[in-house]
Each structure stands twice: as structure tokens, then as C-alpha cells.
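**Student:** Take a look at the letters that make up each chain.
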Amino acid sequence: MPVIEVDQKDLAGLCKIPEGELEAVLQMVKASVDEKVGKWKLEITGDRPDLLSTEGVARAVLGFIGKETGLAEYKVEKSKYELKVGKVSARPYILGAVIEGVKLTDQLIKSIVQMQEKLHEGVGRKRMKVALGINDLDKIKFPVNYTEKTEEFKFTPLGLTKDITLKDILEKTAQGKAYGKLLEGFKKYPILMDSAGKVISMPPIVMSERVKIGAGTKNIFVDVTGTDLKAVSLVLNLVVSAIAERGGKIKSVTVGGKQYPNFSTETIKVSVGDIDKTLGLGLKEKEVVSILERMRYGAKALKGGVIEVSIPAYRGDILHWIDIAEDVAIGYGYNNIQPFIPRIGTVGKILEKTKMNRKAREVMAGLGFQEILTFVLTSNKNQFQRMELKGEGIKIENPISSEFETARAWLLPGMLKILEPNKHRDYPQKIFEIGDCVLKGGEETGYKNVRKIAAVVTHDTANLTEIKSFLEAFCKLMGKKIEIRPVEHKSFIDSRAAEVFSEGKSIGIFGEIHPSLLQNFGLEKPAIAFELDLNVI
Amino acid sequence: MELTEEGKKYVKVGLPERRLLQLLLNGNVKIVELKGVEDSAIGFNWAKKLGWIKVSSGMLELTKEGRGAAGNRTELEEALGLISVGRDISGNLLKQLEDRGLVTEKRKAVTIEGEIAQLTPEMIISGAWKGAKFRKYDVKTPAPAVFAGKMQPYIEAIEEAKDILVGMGFQEAAGPFVEEEFWNFDTLFQAQNHPAREIHDSFVVSGRGKLLDKGLVERVKKVHENGWITGSKGWQYSWSAERATKLMLRSHTTAVSGRFLNQNKTPPQKMFCIDRVFRPDVLDKTHLIEFDQCDGIVMGEKLNLRELLGILKEFAVVFTGSEKVKFIPSYYPFTEPSVDMAIWFPKLGKWVEAAGAGMFRPELLAALEIKNPVIAWGIGLTRLVMLKMGLEDIRMLFAEDLGWLRQQKVV
Numbered sequence: 008m009p010v011i012e013v014d015q016k017d018l019a020g021l022c023k024i025p026e027g028e029l030e031a032v033l034q035m036v037k038a039s040v041d042e043k044v045g046k047w048k049l050e051i052t053g054d055r056p057d058l059l060s061t062e063g064v065a066r067a068v069l070g071f072i073g074k075e076t077g078l079a080e081y082k083v084e085k086s087k088y089e090l091k092v093g094k095v096s097a098r099p100y101i102l103g104a105v106i107e108g109v110k111l112t113d114q115l116i117k118s119i120v121q122m123q124e125k126l127h128e129g130v131g132r133k134r135m136k137v138a139l140g141i142n143d144l145d146k147i148k149f150p151v152n153y154t155e156k157t158e159e160f161k162f163t164p165l166g167l168t169k170d171i172t173l174k175d176i177l178e179k180t181a182q183g184k185a186y187g188k189l190l191e192g193f194k195k196y197p198i199l200m201d202s203a204g205k206v207i208s209m210p211p212i213v214m215s216e217r218v219k220i221g222a223g224t225k226n227i228f229v230d231v232t233g234t235d236l237k238a239v240s241l242v243l244n245l246v247v248s249a250i251a252e253r254g255g256k257i258k259s260v261t262v263g264g265k266q267y268p269n270f271s272t273e274t275i276k277v278s279v280g281d282i283d284k285t286l287g288l289g290l291k292e293k294e295v296v297s298i299l300e301r302m303r304y305g306a307k308a309l310k311g312g313v314i315e316v317s318i319p320a321y322r323g324d325i326l327h328w329i330d331i332a333e334d335v336a337i338g339y340g341y342n343n344i345q346p347f348i349p350r351i352g353t354v355g356k357i358l359e360k361t362k363m364n365r366k367a368r369e370v371m372a373g374l375g376f377q378e379i380l381t382f383v384l385t386s387n388k389n390q391f392q393r394m395e396l397k398g399e400g401i402k403i404e405n406p407i408s409s410e411f412e413t414a415r416a417w418l419l420p421g422m423l424k425i426l427e428p429n430k431h432r433d434y435p436q437k438i439f440e441i442g443d444c445v446l447k448g449g450e451e452t453g454y455k456n457v458r459k460i461a462a463v464v465t466h467d468t469a470n471l472t473e474i475k476s477f478l479e480a481f482c483k484l485m486g487k488k489i490e491i492r493p494v495e496h497k498s499f500i501d502s503r504a505a506e507v508f509s510e511g512k513s514i515g516i517f518g519e520i521h522p523s524l525l526q527n528f529g530l531e532k533p534a535i536a537f538e539l540d541l542n543v544i
Numbered sequence: 075m076e077l078t079e080e081g082k083k084y085v086k087v088g089l090p091e092r093r094l095l096q097l098l099l100n101g102n103v104k105i106v107e108l109k110g111v112e113d114s115a116i117g118f119n120w121a122k123k124l125g126w127i128k129v130s131s132g133m134l135e136l137t138k139e140g141r142g143a144a145g146n147r148t149e150l151e152e153a154l155g156l157i158s159v160g161r162d163i164s165g166n167l168l169k170q171l172e173d174r175g176l177v178t179e180k181r182k183a184v185t186i187e188g189e190i191a192q193l194t195p196e197m198i199i200s201g202a203w204k205g206a207k208f209r210k211y212d213v214k215t216p217a218p219a220v221f222a223g224k225m226q227p228y229i230e231a232i233e234e235a236k237d238i239l240v241g242m243g244f245q246e247a248a249g250p251f252v253e254e255e256f257w258n259f260d261t262l263f264q265a266q267n268h269p270a271r272e273i274h275d276s277f278v279v280s281g282r283g284k285l286l287d288k289g290l291v292e293r294v295k296k297v298h299e300n301g302w303i304t305g306s307k308g309w310q311y312s313w314s315a316e317r318a319t320k321l322m323l324r325s326h327t328t329a330v331s332g333r334f335l336n337q338n339k340t341p342p343q344k345m346f347c348i349d350r351v352f353r354p355d356v357l358d359k360t361h362l363i364e365f366d367q368c369d370g371i372v373m374g375e376k377l378n379l380r381e382l383l384g385i386l387k388e389f390a391v392v393f394t395g396s397e398k399v400k401f402i403p404s405y406y407p408f409t410e411p412s413v414d415m416a417i418w419f420p421k422l423g424k425w426v427e428a429a430g431a432g433m434f435r436p437e438l439l440a441a442l443e444i445k446n447p448v449i450a451w452g453i454g455l456t457r458l459v460m461l462k463m464g465l466e467d468i469r470m471l472f473a474e475d476l477g478w479l480r481q482q483k484v485v
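Respectively, the protein sequence lines represent chains A and B. For the first sequence, the working numbering begins at 8 and goes up steadily by one. For the second sequence, the working numbering begins at 75 and goes up steadily by one.
With the rest of the complex left out, here is chain A (with noise of 0.2 angstroms):
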């Protein structure tokens, strides 16, 4: 969930309540206090790219608290800017909009900056989707044209001093790396320009050093590219209402003919009845709507128990009524819902394998085992290389560490690690593991799980009879009829090793641990130990 951080009395004072009272109302509107300690850190949740900025959470705090309710309205003067889009093949959409007569102050630069960011991630897909400018109306000329560039072409971006290439720029600058894949493979790069033939930006990678903006900033020009005319749109609205919430002149810019921002809304029609059924709270129509306008809908009752619901234009995650239900919960108080526990009449059971677990352990414990938990992740070094054997687990192709690059596909090699670190603790040491492992063979995937159970002894004296005591103590307390034959395996001395079957099929394997294993393992006493498929026991 994306963070924002904001300035709690800013954001008190926006709200028009005390400080106080701030943080349980946060909460309750998908904006809770995520860190108390200077300024506040909210966490924003992922359906809500509305609340990344400070005036876009007061805004919706004041509808909850009932400040202000129903729609947001924002005016768009009508204006002679002008946006003329050519043809840009790595970044096909732009909009835009003016901004005039805004009071910078510097906790609106940081929120809008912040809000910039956090949309770029999110809603922007890292900028793949959508990117957007905040540029100083003032430095430029109108039109302004939307065309792309060689990569020779230059101008100053941001931070830097002197004209550089775009080559440089994608090669050479932070920006360039982070964002230039999104570029990759295109002959020429977007540019946004004005009538002067000055750069503003090059979109999605930078913006020109020229049209900053900064305290002294009056005006703003807001340009939003990208691959997605709706996201576009959508992110523009977002900004636009964001920043006009501190007050300012909202001008049009004309794109292809039309005027943006568009902050028309669009309705929906919601049964009061099935909302109703949704959230069991018994709520009148009358309260409905009245909870709609709080959540800043615009809310109308017509007839038959329905309303007609008018989505804010900066909403841009209403896909289905349901979603205006949870509205309504959200209006209503999450924390004035009663929890009611449904009368729903089933049996509850375990599955027979947690049964059989269960058994398993009950006999391991009995014969003085200690039961211990380890990961399912592990390396093929610990898997294989260690226990003297060949061979590869399932791949996980982007691993944190080699340490867990593979899921194991048996038990023994994670307890013969965690003895090495017991070295010091009471001997006899009577360990056993019951865990999923993960094998070839599955019919959808070509992967399936198999349960299974290993034990591990180890004392100054161990020896092979002991670890078959217990195997055959465990099999027949499971009820299992075994039948033991020799087998060779790298991981046991030879002929000390034996391998486990029942109605003719292999279940398993125990022994005396080969002492190089035990060198492996960086180990000193002698080590015995079985490991058996519990799914077929």
C-alpha cells in the first residue's frame, strides 16, 4: 500500500478539526496514521489513488465528517490553450490542463510532488501507463506541441545545467536509467514543446529544467502522457482537483478538438435493497443517500427503492454497485457495525491427512522425539550437495538469496543442518519433522505436494539398530505392515542403509549417516535416521 507523508496540522486545519480527532477519522476513510513520529505517514490503500495528496484526504474527511458533502464541483474555465498531439508511437496519449492563480506555498510543491510520485507507481504502473508534468504555465508559449525527437536532439533537464542529448539523458542521467527501458526499441522519443520551440519535457523520462515550478510559481500547466486514454484521463482529474482544492482558476486546454479536464461524472444505479442484503445494517433510503453524499457522491433518489449514484470524476475505482456499498459501509462507521454471527448449520472436519499428522506426532513424541518446524524453502547445495547426491529442485527464478532458491524435496538435509548449531545442547539428541515437500508429477502444474516425515538420532554411540527400533515402533503404532531390504545410497554407509516398502511400493529410507555427510554438515557424532511418504502411510 502506497505511504504519504503529511503535515498533521496542515491537514487538521484543511479538515477544520483539532489535531486530535484526526487520527481515528483517517482510519475509518482508507487513510490510516501509519507513523505518528514528526509528520504523519498515512497508508493509502491501493484502490484509492484519489488520497495521495493531503487536499485529496481533507476532502474526503470533510464529506465523512459532514463538513462537506456530495460532489466535489470543479469549474473549468473555458480558455484558448492548446495542446496539438503528433505522432508519438512509444507514448500515443497526452492531456492536459491549466491552473491559474495558485498560492505555492511549500506544503503544496511537496504534496503535489508526493502525489506525482505515488501516481507514477500506482496508477502509472511505474510510469509505463501513465506519466505526468507539473510545469510553470508562465515559461511557456501556447500551443504547445506533442511530437517525438532523434536521440540527438537537446535540451536542459531537470537538475542539470547545459543542453545534453537524449541519448545522454537515457544513458547517462538517473532518470534515464530508471524509466529509458520504457523507450526501448523506439527510434524516436517523445517531446513536449512549446510554440517557442523550448522544451517542457520529455515524457515519461524528464522534465525540462526550464518550466520548474517553485514558490514563485502562479500558474500551473499540468501535462499527463501516456498509453491508457482512460488511466490519462483519470490521473489529470486527479491532479487537477487535487491542486484546485487549494483554490486557483481550473483553465481548459483543448486536446484533438476537446476540452480537458473533463470532470463530467458518470452515474450509477443502485438498489437500496441489495445494498441492503450486502451489509445487513437495515439502512432507509432516505440514509443511504444522505451516506452517499457524505462519501462525496452525487445521490438521487427515484422510484422503486433505487438511487442514482454520480461517481466523482476523480474516482476512478467504481467498477460495480458493490463498490458503492462499501461506500456505504465506510459512511456508515465501520466501527458502528454490530458483528452478528451467522446461523449457518455445517460439520466441521479436518482433512485425514491433519489426522494422520496428528497420530504421527503423538507417536513421535511418545518415543521421545522433539518435533521442530524448519522451511520449505532451501538451496540444492543443502538438498543434494551436502547429502553427497546429484540433482536439482524446483527452479524459483527470482530468489532472494541462494539460500532459498529451490523448495525441498525431502526433510532429512534441513535436520542435519539444524544439528550443527545444537552441537552444544544435551546429548541424545531425538529430532523428527513432519512437512510438505514439493515433487514433479502434478497434472496441472507438473508439480505436486507430498507430506512427509523424518526423523534424526544422534549420540556418541548410534548405530543402525537403534534408528530401526524406532522405525518399526513408529510403523506399527501407525498400523503399517513394512518390509525392509537393503539398498545402497550416498547418503548412508554402505550396507547400513535400507529402504522401506509396503504393499510392494517404496516409502522410504533409513540408516546410519554417511560420515561424510556428517563433514558436510560440520557434525561429530554419529547421526541415524529415517524418512518416510506419510501420504501413504
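Treat the hints as calculated values from the structure; they're not laboratory data. Please read all numbers here as calculations on a predicted model, not as lab measurements. Every residue gets a Cβ at the ideal spot worked out from N, C-alpha and C, and that includes glycine. Misleading hints may appear alongside valid ones.
Under the rule of at most 25 angstroms between Cα atoms (straight-line distance), these lysine-lysine pairs were calculated in the PhoX-like manner [stated by the list, open to error]:
{"hint": "1", "chain 1": "A", "residue 1": "K360", "chain 2": "A", "residue 2": "K487"}
{"hint": "2", "chain 1": "B", "residue 1": "K224", "chain 2": "A", "residue 2": "K284"}
{"hint": "3", "chain 1": "B", "residue 1": "K288", "chain 2": "A", "residue 2": "K447"}
{"hint": "4", "chain 1": "A", "residue 1": "K455", "chain 2": "B", "residue 2": "K288"}
{"hint": "5", "chain 1": "B", "residue 1": "K288", "chain 2": "A", "residue 2": "K532"}
Over 12 angstroms on every C-beta distance to chain A, these chain B residues come out as not near it, computed from the model [what the hints assert, rightly or not]:
{"hint": "6", "residue": "E80"}
{"hint": "7", "residue": "G125"}
{"hint": "8", "residue": "G140"}
{"hint": "9", "residue": "A144"}
{"hint": "10", "residue": "N146"}
{"hint": "11", "residue": "K214"}
{"hint": "12", "residue": "Q226"}
{"hint": "13", "residue": "I229"}
{"hint": "14", "residue": "D237"}
{"hint": "15", "residue": "I273"}
{"hint": "16", "residue": "R293"}
{"hint": "17", "residue": "K320"}
{"hint": "18", "residue": "N378"}
Fit chain B to the supplied structure of chain A, relying on the hints for placement.
**Tutor:** Quick look at chain B alone, frame taken from chain A:
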């Protein structure tokens, strides 16, 4: 060897069969009259075995062999005599005497010098302890530790959670670690370009799945692209079946819930799954890259948000013992309304977010052909157990330290 009390008596008065023989030498005896004769039952049995006597119309009389035996001591009687004068015998005769309980193996004489330290079986049998002194022991002397065979405390907590859910009427389900993205994401209405599906949020496994349920694949495609029959807009993009075949280690047990619903489409249903999930992260005091999640679902003819909160609270109260819970608006791509539950831990003096929950979205239900509401939750069980056990480091639950494991009390 030595004579038993019974053996000593017979040395004096003769074996019961000898005494019976003597009696019969005076004439036949009615069987019923034998009752009053000492040891006559034993005598009867042995004399019969030796062929000395026979029964004829209620009368007991000597056989020819019996008359022949009258003047001659048997080997057994000789042996008994020898033992009574301190001689040893062996072989079959000794065994017969032992079997009749007339002779026992002689115990070594046990003498105790000074005080008794360790009491031995010999001292007890010989009675040599009588009159001897026991060395005084200091009960406060430290004793060496012994270790019970026992179960892992974290797994015990998981089993407890299962029992609670079974008690609430839930049946257990399970699924594989290696999943298709299809079951982990697509079936759960998580858009293919959703940020949570990026490579750094789950472990990618080599290979491709087969998407076995073709009908479901078709329906999932439709709800993603345009909402299909649900009235939803859908995610408005072109859904790729190829993408859905990618393999991964499941990142939540909700994948199991999806599979369960696909097999169980009619109400009522209550299911839970407690099992391992995998997420790339930094391993530290509060994060693991694999942990156990507890997913649960309830399907009913009618179900609502209040009832979801009811179930969540019930489990939290029973499992953690904390009566105080709080519900917070949240977001999950597969549920709407969505909610997080925080539990108050009095010992920590803080709220801890413990569960994410919600009602499964209509798009998800339509794809799975479910016609009734389903409430669902996922609990990060590992973290909850850590808090319940009062641990500060989540890695302790997978502790390697036998010293620690051996000391954990059984709960």
C-alpha cells in the same frame, strides 16, 4: 536351590500321591469320601498321571502299577530328599519339582556392609535391607535435566486454530505450494497488470501450467475484460490465458479457497485452510519469506457484512483471548466490501492488524458459477501466534535451538 514351604512339608509327610496310595492299600475308597483327606485333590491328579489309580463306579482303587509302586520311592521323591539334605540336582527332575512349586532357585546370600546407597533388586528379594541403614541424601542436590519427546509449540498453536474452526463448523481444505497464476490471481479477479502481480511480490517457478478447467478460463477472461454478466465494467483490458499459465509459489491461501469453491458451488459451505504461503521479503524480526496463513470462507443463501464481522470476531476472541477487536476499511482486489480486523493485545498495549477480509466480489463469484454470497478472510497466523506467545522475533517460531524447544512449556 532350596525347598519351598510346600516342599518342606512333603519331605516330612510324603508327597500327596504317596499318601493317597498308602490310604488305598487299606482298601478301596468312595470318591466322595476323599473330600475330607488332606491334599487328596493334588494326590488324585498326580496318582492318576502316574497310572497308580483308577475310578470304577464311584470307587477309587489301586491299579497293578499302583500296587507295584507301593514299596518303591519314585525318582522324584529321591530328588526331593536329596535337596532336603542340601544336595544339588539338575535336569528334568529339578524342572518337575520347580513346576510343582516345591523347589526354588536359591538366592545368593546378600550382605550389606555399611549404609545402603542404591537399593538393589537383590536387597529387596533377600530382605537384606531390613535393619540396614540408608545413606542420607540431600534432596536439594541438582539433578541432571531430562527432555521429553514433544511437539513443536508453533505447530501446536496451528492445531489449536484448526480445532477452533472445526468447532465453528468449518471443514479443512488444502492445495499445492506450486500454483498457476490463474488460481493465485486471475480466478480471484486480480488484473494481470495489477501492481501486486509484479515479479518482486511473488516467487516465480520455472515451467507452465495447463489451465485444466477450460470453462472457468473462459469465464475468468470475460469478467476481467468487461465484467461479463455481472454488471461490472471489468478491468477493461485484454486478458491473456498465456500469462495465467505462469507458475509461482502461492502467495496466499486464498488460492485454495478459489479451488474449493470451484468444487463446492452450493450452500451452505464453511471451509478453512491453514498452510504455508511464500512472499519475497527481507528476513528479519517481523518478516519471513514463508509463513502460514489461515483462510476461511462461508457460503450461505444470505450473508452480509455484519455476519462477516461476527465470524472474524468470534475466531479472534477464542484464539487470542482478547475481547477487543476493531474493524477498519481496507482494499483487496477480490473482496468488496473489504475490511481489516485489528485485535487489542493488552500485554503489548497496542492494536495489531491481524486479518484481511471481505465479501467475494460478484465478478469472482460469477466466474466460479457461485450464485450465493461468500464471505472470506485471510489471517497472517504466524504473526498472530508470535504475539500470542509473547515472542519478539517471528523467526523463533521456526527455531533451530533445541535448548529453547526443549524448554517450551506444553500448552
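**Student:** Does the no-contact call for K320 of chain B survive, Cβ to all of chain A over 12 angstroms?
**Tutor:** At about 10 angstroms from chain A, K320 of chain B fails to clear the 12 angstroms cut-off, so the statement is violated.
**Student:** Is G140 of chain B truly not at the interface, in the sense that its beta carbon sits beyond 12 angstroms from all beta carbons of chain A?
**Tutor:** About 54 angstroms separates G140 of chain B from the closest Cβ of chain A, which puts it past 12 angstroms; holds.
**Student:** What's the verdict on K288 of chain B and K532 of chain A, does the C-alpha distance respect the 25 angstroms limit or exceed it?
**Tutor:** 56 angstroms, violated
**Student:** Is K360 of chain A close enough to K487 of chain A, meaning Cα to Cα at most 25 angstroms?
**Tutor:** 15 angstroms, holds
**Student:** Against chain A, does G125 of chain B keep a CB gap of more than 12 angstroms to every residue?
**Tutor:** 49 angstroms, holds
**Student:** Does the no-contact call for N378 of chain B survive, Cβ to all of chain A over 12 angstroms?
**Tutor:** 3 angstroms, violated
**Student:** Hey, does E80 of chain B actually stay past 12 angstroms from chain A on C-beta?
**Tutor:** 42 angstroms, holds
**Student:** Hey, does Q226 of chain B actually stay past 12 angstroms from chain A on C-beta?
**Tutor:** 4 angstroms, violated
**Student:** Please settle this one: I273 of chain B was flagged as non-interface, so is its CB more than 12 angstroms from every CB on chain A?
**Tutor:** 6 angstroms, violated
**Student:** Beyond 12 angstroms from every chain A Cβ: check whether that's true for D237 of chain B.
**Tutor:** Since the minimum Cβ distance to chain A is about 8 angstroms, D237 of chain B lies within 12 angstroms and the statement is violated.
**Student:** Does the no-contact call for N146 of chain B survive, Cβ to all of chain A over 12 angstroms?
**Tutor:** Non-interface label on N146 of chain B holds, nearest chain A Cβ at 56 angstroms vs cutoff 12 angstroms.
**Student:** Beyond 12 angstroms from chain A, beta-carbon-wise, is A144 of chain B?
**Tutor:** Non-interface label on A144 of chain B holds, nearest chain A Cβ at 59 angstroms vs cutoff 12 angstroms.
In this structure, the earlier hints numbered 2, 5, 12, 13, 14, 15, 17 and 18 are contradicted, and the remaining ones agree with it.
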